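The numbering used here puts the sequence shown at residues 188 to 383.
Hints are computed from structural coordinates only; laboratory data are not their basis.
Take the hints with a grain of salt, since some may be wrong.
As the list claims (entries may be wrong) - If you anchor each label on the Cβ, the simulated ranges turn out as follows:
#	residue 1	residue 2	range
1	D229	G293	20 to 28 Å
2	S208	E302	33 to 41 Å
3	L357	E275	24 to 32 Å
4	G244	S268	16 to 24 Å
5	K189	R271	24 to 32 Å
6	F204	G258	17 to 25 Å
7	R335	E195	18 to 26 Å
8	Q191	S248	28 to 36 Å
9	L357	G331	17 to 25 Å
10	D233	E356	30 to 38 Å
11	G327	G207	23 to 31 Å
12	Q225	I295	19 to 27 Å
Predicted model, so just to flag it, every value in this text is computed and none were measured.
Don't be surprised by glycine CBs; every beta carbon is placed ideally from N, CA and C.
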Amino acid sequence: MKAQELREKLEEPGQSFRLGSVIQSVAADARENVETMQALEDLLQDCSDPDFWRTDGRWASTLFHTVVRVGNSRSMMLLLSFARRLPEDFPFGPVDLLGNILPLYGHIMIGPAKELVQENASSACLAVGVQTLCQLYLDGAIYGENMRYLQSMIDDFESDSYLSQNIIELVKNSMQRNVPENVDIDPDDVLVQMSD
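All chains, full assembly: derive it from the sequences and hints.
Spelled out as structure tokens, the structure:
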């Protein structure tokens, strides 16, 4: 399927309830058909232009949701590559969208999200990495050494224009609730039952 045909297919349902099934159908086809996957990649190129999001934001969102529903490594690398190339001061919408959909790949996204944070790229790229890691934590995918990394990252984080602080506060609150309180037990208060 060519890029323009694919766009027409995804735009045809509009905002109706059918859109979800069309997205799933295209995603399934992209997993099996190299040409459909290539068409998705071609369409994604337009999304690199910040002005595109101001005029075609709904369509771009549909496209991103379709790519993530493909659910394979090629689709994941496509979205990560897009995030890495984000320029400074890219519009809020796509940054927020990427931070919300990349965690759908699950725990395999932890390493790539850490790379987005560590690459010293644009503030938009950093925000995607931060928001992805935070969402993965909230989804229960982060623990152990990655938990310590996340804790250090959010402790050092300075506010950005992408409202990353909001999800960081959610993570901090969740971490505080999940830390067992240190309870000092007075041994004299412990009732020991001895049996004969």
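Exercise for the section: Please write out, lowest number first, the hints stated earlier that are contradicted by the structure. Expected result: Per hint list: 7 and 8 violated.
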